[in-house]
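Peer 1: Based on the provided sequences and hints, a complete structural model is requested.
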Amino acid sequence: MSVRDVLSPFAAWKHLFRDPVSIKDPFNREASERYRGFHQNDIEKCIGCGTCEAICQNGAIDMLPVSGVDGVQTRPGDSGLRPRIDYGRCCWCALCVDVCMTGSLSMSNAYKWVEADPDKFRYIPGVDKKHWDDYEHGYRRPEGHRLNAPERIEMPELEPGERIDSFAEIVGGYSVEQARLEADRCVTCGICVATCPTHMPIPEYISAVRDGDYEAGLKLLYDSNPFSQICGKICTRRCETTCAASHEGDPIAIRWLKRHITEQVPFERYRAIIGEPAAATGHSVAIVGAGPAGMTTAFDLARLGHKVHVYEAQSHAGGMTRYGIPEYRLPFDTIQREIDLIVSMGVEMHYNTRIGADISMAQLQQDHDAVVLSIGLWLGRSTRVPGSDHRNVYKAVDLLRRIRDGEQLQAPKSMVVIGGGNVAMDIARSMARLQQQQHGQIAITLTALEDKSHFLADPVEIKESIEEQVTILDSRGPQECMVDDQDNLLGLRTWRVHSIFDENGRFAPSYDDGDEMVHEGEWVVEAIGQMSDVAILGDELTEKLDWNRGRIQVDEDGRTSESWLWSAGDMVRGPDVVHAVADGHRTARSIHAHLSALDKQENA
Amino acid sequence: MMQSLYDRLKDRFNLGEFTGRRADLAFVTVSREQLRPLLLHLRDLEGFTHLVLLTAVDWIEDDTFQLTYLLNDRARARDIGVRLMLPRDDTQMDSIHDLWPTAATYQRELREMFGIDFPDSPRVNEDFILEGWVDIPPYRREFDTLRFARETYPERPGRETHDPATYMKQQLYPDGEDNG
Amino acid sequence: MNEQSTPPAEGHRSGRDRLAASTTVAEILETAITFEQTARDFYRQLTPKVSKRIRWLVEELAEEEQRHYELFSDLLERDDLDEQIEAVIDRPAADTRFSDCIHLPDLGEKPDDQTVLQYAMGREHAAMEQYRELAESTAAGPIRDLFRYLAAEETLHKAELEKLYYETIHSGGV
Amino acid sequence: MAEYPDRSQYPAHLPDGSCDIDLSSGKYLKLWQGPNHPGITGNMSVELTVCGDEVVEGRTHVGYLHRGFEKLMERRTFIQCFPIVCRICVPEPDFNEYCYAAAVEELAGVEVPEKANWIRTLILEMGRVNSYLMYLGGQAGAFGQGVIGQWTTYARDLMLDRFEELTGARIYHMFILPGGVRDDLPEGFDQRMEETLREIESTLADVHDTMFRNAVFKKRAMGLGRVDPAWVDEYGVTGPVARAAGVAKDVRSDQPYLVYRELDLEPVIAHESDAYARADVRRRDLLMSVDLIRQVLARMPRKGPVMATLPNVLHWKIPRGETYVRGECSRGEYGYYLVTDGSGYPRRVNVRGPSYTHAMALLEKLIVNVNISDVAGLLVSLHTYPPEIER
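Protein chains in written order, with the numbering used here: chain Z, 6 to 609; chain C, 2 to 181; chain F, 346 to 519; chain L, 558 to 948.
For the record, the hints were derived by calculation from the structure and aren't laboratory data. Predicted model, so just to flag it, every value in this text is computed and none were measured. Note that beta-carbon positions come from the ideal geometry of N, C-alpha and C, so glycine has one too. There could be a bad hint or two in this list.
Claimed, not checked - In silico DSSO-like cross-links for lysine-lysine, where the CA-CA straight-line distance does not exceed 27 Å:
(1) Z:Lys457 <-> F:Lys508
(2) Z:Lys50 <-> F:Lys394
(3) Z:Lys50 <-> Z:Lys125
(4) F:Lys455 <-> Z:Lys549
(5) Z:Lys400 <-> F:Lys397
(6) C:Lys11 <-> Z:Lys224
(7) Z:Lys29 <-> Z:Lys134
(8) Z:Lys549 <-> F:Lys397
(9) L:Lys922 <-> L:Lys587
(10) Z:Lys19 <-> L:Lys776
(11) Z:Lys400 <-> F:Lys508
(12) L:Lys922 <-> Z:Lys224
(13) Z:Lys549 <-> F:Lys394
(14) L:Lys874 <-> Z:Lys19
(15) Z:Lys50 <-> C:Lys170
(16) F:Lys397 <-> F:Lys508
(17) F:Lys455 <-> F:Lys394
What the hints assert, rightly or not - Per the computed footprint, the stretches of chain C lying under chain Z, defined by three or more beta-carbons under 8 Å from a beta-carbon of chain Z, are:
(18) 157-167
(19) 170-176
Peer 2: So, in structure tokens, the structure goes:
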């Protein structure tokens with residue numbers, strides 16, 4: 006202790022004339038650029054997946070319907086819900102912003118808000134307008150800061166060089182570890198379920214993969230889709246187009262995870278997991294066509310105890326999955342296992358039985374309590390351009406059927422395919438394999454009316470076709486199949502197409518005859534539209550039935566104007582396996598209700 | 002470093018499972034009889050003079066409490082966690098307040114939060130954090146904080162939420178069917 | 346391009362001379378109305394012949410011709426005819442070359458949907474060409490405007506048919 | 558000079574060390590300091606038994622802030638725990654974020670990018686500066702010097718501005734999370750930080766003149782609450798309290814974490830081991846933090862990621878294991894003992910805050926024989942934050 010200790014504190018007096026250090030206008034101080042203030046939500050970008058709600062450890066977020074506000078509505082890919090935040094609970098941690106699947110949610114740097122009514126502090130950002138909605142600054146998820154893995158686990162596949170000379174299956178399937186990593190990426194929002202035509206419980210079966218509980222997963226699959234093994238390989242996976250993860254990353258490989266479950270459970274266990282059919286009801290149902298729609302109907306009805314007879318013109322069941330999809334995408338044994346499982350429920354199959362020739366519709370009507378028509382789209386359309394009646398102009402569906410029926414086709418040295426859909430890719434790739442096997446080289450040109458961005462085929466199919474040396478020319482309109490004096494097919498002449506899609510997304514191609522090309526080909530294969538062979542119904546039934554723009558008119562349950570006849574699958578819904586499955590379920594429910602009503606009438 | 006320590010002490014104190022975590026951190030399981038001799042040895046002969054913490058883990062599925070005595074040897078920059086497994090139905094343990102006076106505070110908390118008793122520990126029965134608590138010791142796994150909160154505090158009215166998948170089903174395909 | 350001897354096309358052929366010779370707007374409209382009427386009756390006669398499955402198509406075509414018939418008839422009734430035509434004449438109705446490339450079929454006894462569509466597009470195209478040529482060879486004035494108007498109407502209909510054709514034949518599955 | 562009470566009146570010590578206090582004797586008075594009292598740090602209270610104006614026994618009472626964080630974390634996913642841990646210590650929350658993140662990363666096997674470790678170090682030192690500034694104001698205030706608190710609050714506010722621009726928040730930063738840190742340094746941060754550091758140094762110079770060279774402060778702080786170096790191990794004493802007792806205990810140099818190995822630092826020590834020595838150790842430690850911040854900014858890499866790639870945090874499961882991660886906060890050893898069981902939730906989290914030992918057993922030992930008017934000064938000199946006692 007010294008004199009200095011007494012004098013030194015007087016140093017404080019030096020601040021006597023110092024300017025105040027406090028902020029002059031504390032009421033209008035702007036927070037820092039990345040300040041975490043009140044939320045902003047771009048509600049057009051938001052899909053209402055509720056991942057923000059899921060991660061909020063305070064339970065501050067509720068998902069509320071806001072249909073009608075600023076064009077938000079419940080539709081595939083958008084729940085129509087938007088997050089409401091309770092600022093009595095929010096702790097400003099911004100995990101909701103970090104995890105937001107679309108990047109719609111952010112925080113402004115507004116932090117002052119005075120209100121007498123506490124309930125006001127509970128609002129839906131973007132819907133309940135606030136003055137900070139347009140604030141430029143605030144917390145946005147920084148680049149590279151992700152709380153969920155945005156990239157898909159790559160699927161092991163055969164390389165183009167390994168697969169081009171055989172029909173061996175290309176996709177290898179996930180290992181358990183890969184599948185778990187992929188399943189881990191799913192945020193379990195369930196937005197996809199509405200998009201799946203048959204509404205498979207997608208988040209639940211993905212959770213089963215995550216937990217390694219494959220038997221539970223298989224049960225979930227088969228309760229909603231008896232074509233799960235097949236769909237696990239070739240489903241058009243519309244669900245993945247609405248996957249929340251697709252907005253800022255790759256969608257979850259939902260199809261591959263389904264496939265993974267079916268591969269992890271030994272096939273011998275399937276039957277026990279799916280369970281026994283109910284006791285026989287004494288009712289009998291005839292199904293025409295053993296494709297996905299017909300066989301799904303058969304599966305459902307058989308499980309309910311009804312006697313089901315399936316009439317199939319071909320020697321095998323599976324419909325287009327069996328006769329339309331190449332083996333490298335869908336091996337026979339997968340289809341066979343699926344069919345065996347359905348048949349094991351007590352379904353009786355009548356192969357090589359053609360309606361109209363071997364048995365009539367009238368006969369079916371007489372012998373059964375209900376009849377289902379599910380004959381698919383087996384007739385290929387023709388462009389009918391000049392020369393298209395040449396013997397070497399084929400229809401893709403016919404060729405695919407012949408290949409899958411085991412016929413040894415002699416592949417031409419060169420070939421042109423007309424069409425830009427999956428069938429076009431299927432035939433191009435199948436023929437490429439035959440060319441490689443027989444000639445050691447591939448010469449296939451695929452021409453499509455549409456430009457690349459509007460191709461109807463799955464982008465993966467396009468990519469793999471190119472890998473397999475198929476030359477793809479977009480925006481080409483077929484004009485003529487050129488034939489020389491000796492009646493040999495020379496190839497296809499096309500004009501350039503100016504693709505114009507109108508405001509409704511409808512397409513009216515227009516041609517530019519100044520841009521003409523001739524594509525050399527010993528064969529031309531038309532892979533355009535397909536239609537149903539409804540001629541088998543006969544004139545009388547055709548006249549009786551109501552029709553809707555070329556398709557049999559059915560009510561929402563798939564029932565036609567004839568009370569005993571239902572129709573399902575591609576022929577009423579257009580071509581798609583999983584839609585056909587959904588249709589099969591719907592038809593089976595309707596028939597079951599009808600048969601139950603019959604029982605009640607009898608009892609009464 | 003930790004492995005060699007374990008190898009030296011293993012037989013002498015009849016040590017159980019050894020878990021090397023880092024070069025400077027390991028955990029080892031010890032029996033109740035050997036706990037005090039081991040702690041004394043570690044403190045007085047191995048340099049582990051600092052009791053970092055004493056706490057419990059409830060392995061309710063194994064009917065066991067794990068007591069963790071974490072000791073630090075500053076000179077050699079290393080830590081050892083001594084695990085002691087205590088049956089959940091016999092929750093009495095010997096106090097170590099005479100080895101580290103500060104242990105009394107930890108033991109008092111353990112009695113209150115886990116219901117693990119240390120009979121000789123000073124003031125062990127005095128309330129520590131929870132005055133007037135009548136429920137089961139709250140850090141035991143079977144104490145459900147969410148249920149407690151729901152029963153104790155009223156929910157603020159006006160809350161409702163919707164599961165996206167369920168809501169979409171109601172809106173788009175209420176009968177389980179899609180007509181699109 | 347359609348020089349074949351199917352009935353409505355023939356009607357157009359002879360009608361063309363009649364149209365070229367017409368001197369008043371009313372005369373032209375009356376001739377055009379007759380064309381639409383002929384086409385409508387053709388489709389109506391065709392309806393029972395085709396399969397019930399595609400009857401909708403023929404019915405729609407008949408309805409569309411009927412709509413044109415009514416449209417032109419209404420126009421004829423109006424006092425402000427010239428103004429009306431002027432008002433719509435600038436409507437852009439770009440011709441697209443798609444149906445031009447469709448080989449015009451022989452309808453035969455039981456035509457299918459593709460045949461009918463091809464035929465209908467051919468008919469719309471022929472009519473469109475005809476009105477357009479007439480417009481080009483007519484001096485500026487209300488008569489040329491009327492031809493352009495009629496050409497625009499036919500072009501619009503043709504475009505609708507082209508979309509339907511694409512959906513049915515190229516991308517669709519029915 | 559007030560007359561001291563008759564020492565013969567002091568209670569006898571019982572064999573177990575506690576006092577035999579007979580309140581009905583009329584010699585003693587029970588006096589509660591806190592939970593609401595200007596001379597208490599945060600929400601705790603000390604139950605004093607006084608004889609005259611001297612304390613004969615003190616009992617720490619906590620529980621006013623108990624939110625059961627450790628238990629709450631057992632029902633939150635690993636990522637959901639991240640926003641709540643900072644709330645265990647208001648003035649220096651970042652140690653919770655760091656220790657929790659590091660424990661999770663260790664058990665989950667997540668490799669943190671290099672730059673994130675530098676930014677973490679920066680933040681922890683910034684937090685230490687703030688914590689010390691708050692302490693200095695409190696310590697001076699406990700002895701009646703109000704102006705110091707105003708100055709240090711101003712300086713701390715400048716540092717909060719830096720926190721705000723870096724982390725997006727002033728108090729609960731929620732910036733260090735498992736995997737790294739949220740974001741990179743903002744544009745122009747170095748320069749603004751340098752300005753802030755200069756202002757803090759200038760404030761500290763004034764504080765030194767008016768507080769440390771102040772006869773009143775010296776008279777009251779010197780000799781108050783002397784900690785015997787032998788108690789360091791017995792009572793689990795760490796941080797400035799231990800260093801003021803001559804024990805150079807500092808996790809940053811004892812067991813360097815983050816990037817401390819690459820920084821120049823020397824534990825700040827003193828030997829008097831009283832309230833004054835502890836205040837001085839903290840003042841000098843604060844200056845070292847200022848220096849460390851400068852070192853970090855000068856040496857840290859400026860390129861590269863600040864966040865590791867995490868699995869989807871909504872389903873993040875961590876294999877069974879246990880670990881302990883510690884750091885040197887402004888008050889001593891801060892640590893997280895994390896036990897995982899293979900699920901998506903922590904099995905057990907135990908937060909070891911330095912106040913747990915300092916404000917309980919050590920305070921109760923030191924408080925005996927202290928004059929009532931010095932209780933606040935003593936308590937503050939241990940620099941205790943109650944929420945880390947009761948978590």
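Peer 1: A separate judgement is required for each hint: does it hold in the structure or not?
Peer 2: Cross-check of the supplied hints:
no.	hint	result
1	Z:Lys457 <-> F:Lys508	holds, 19 Å
2	Z:Lys50 <-> F:Lys394	violated, 53 Å
3	Z:Lys50 <-> Z:Lys125	holds, 25 Å
4	F:Lys455 <-> Z:Lys549	holds, 18 Å
5	Z:Lys400 <-> F:Lys397	holds, 26 Å
6	C:Lys11 <-> Z:Lys224	violated, 51 Å
7	Z:Lys29 <-> Z:Lys134	violated, 30 Å
8	Z:Lys549 <-> F:Lys397	holds, 9 Å
9	L:Lys922 <-> L:Lys587	holds, 17 Å
10	Z:Lys19 <-> L:Lys776	holds, 24 Å
11	Z:Lys400 <-> F:Lys508	holds, 22 Å
12	L:Lys922 <-> Z:Lys224	violated, 66 Å
13	Z:Lys549 <-> F:Lys394	holds, 16 Å
14	L:Lys874 <-> Z:Lys19	violated, 59 Å
15	Z:Lys50 <-> C:Lys170	holds, 21 Å
16	F:Lys397 <-> F:Lys508	holds, 22 Å
17	F:Lys455 <-> F:Lys394	holds, 6 Å
18	157-167	holds (count 10)
19	170-176	holds (count 4)
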